[in-house]
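Trainee: Whenever a hint applies, use it, and build me the whole structure from the sequences.
Order-wise, the sequence lines are chains A and B. Position one of the first sequence corresponds to residue 28 (my numbering), numbered consecutively onward. Position one of the second sequence corresponds to residue 75 (my numbering), numbered consecutively onward.
No false leads were mixed into what you were given.
Some chain B residues well away from chain A (every beta-carbon gap over 12 Å; in silico): (1) A91; (2) N127; (3) G133; (4) Q154.
Now the stretches of chain B that chain A is said to cover, found in silico as 3 or more residues with beta-carbon under 8 Å: (5) 116-126; (6) 170-177.
DSS-like, lysine-lysine: derived pairs with alpha carbons at most 25 Å apart: (7) A:K97 x A:K80; (8) B:K116 x A:K40; (9) B:K130 x B:K141; (10) A:K80 x A:K45; (11) A:K97 x A:K45; (12) B:K116 x A:K30.
Source of the hints: derived by calculation from the structure; they are not laboratory data. In this text, a Cβ means the ideal position worked out from N, Cα and C, and glycines have one as well.
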Amino acid sequence: DVKVTQSSRYLVKRTGEKVFLECVQDMDHENMFWYRQDPGLGLRLIYFSYDVKMKEKGDIPEGYSVSREKKERFSLILESASTNQTSMYLCASSLSGLVMQETQYFGPGTRLLVL
Amino acid sequence: QKEVEQNSGPLSVPEGAIASLNCTYSDRVSQSFFWYRQYSGKSPELIMSIYSNGDKEDGRFTAQLNKASQYVSLLIRDSQPSDSATYLCAVLPGRRALTFGSGTRLQVQP
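Mentor: Spelled out as structure tokens, the structure:
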């Protein structure tokens with residue numbers, strides 16, 4: 028079974044803090060993704076990576092950065108947390124970009140509260 | 075116009091009935107289509123994927139795709155209370171990352 032793990036289930040931070048969210052997958056997947064999910068807005072893509080040290084902006088990258096130094100690990104960084112970044116953050120991975128291999132598997136999510 | 079549109083619901087059906095969930099998408103180059111189920115407080119899990127026009131059946135679930143109309147649907151036969159969840163439609167447009175709809179909440183009444 029594919030396993031995607033996230034470092035924290037719940038996180039409380041203060042405005043202005045630097046926040047790191049870690050994601051690890053154990054299936055040698057090429058692609059990794061970070062989404063945030065807010066009521067009524069669905070899942071919105073923040074960043075994704077299709078190879079080590081490669082990254083692409085998603086639909087809402089502002090205020091975020093990412094790091095992928097190893098294939099299995101993809102980190103989301105909030106440089107200076109703000110209250111509008113309070114959300115559920117979901118990490119996902121997929122095998123490759125080829126058709127029929129792009130099924131995304133999700134981690135359990137991190138619920139972040141910024142005070 | 076949103077790239078992937080779904081009725082937010084809730085869609086309420088009685089136990090044993092057929093639940094029909096619909097999704098439209100705007101990007102004509104989309105090749106792959108997915109339905110995810112998400113229980114409250116949990117992460118999405120894949121139910122079905124479909125790539126060709128027509129129907130694809132898996133147990134009580136049937137996905138239907140019509141690329142000409144840019145329409146994909148999910149039918150759940152013999153609905154059970156355990157099917158109560160939010161169903162997310164996702165498409166793969168001209169990039170490697172999925173685009174999700176905002177989801178339809180399904181309630182199956184015992």
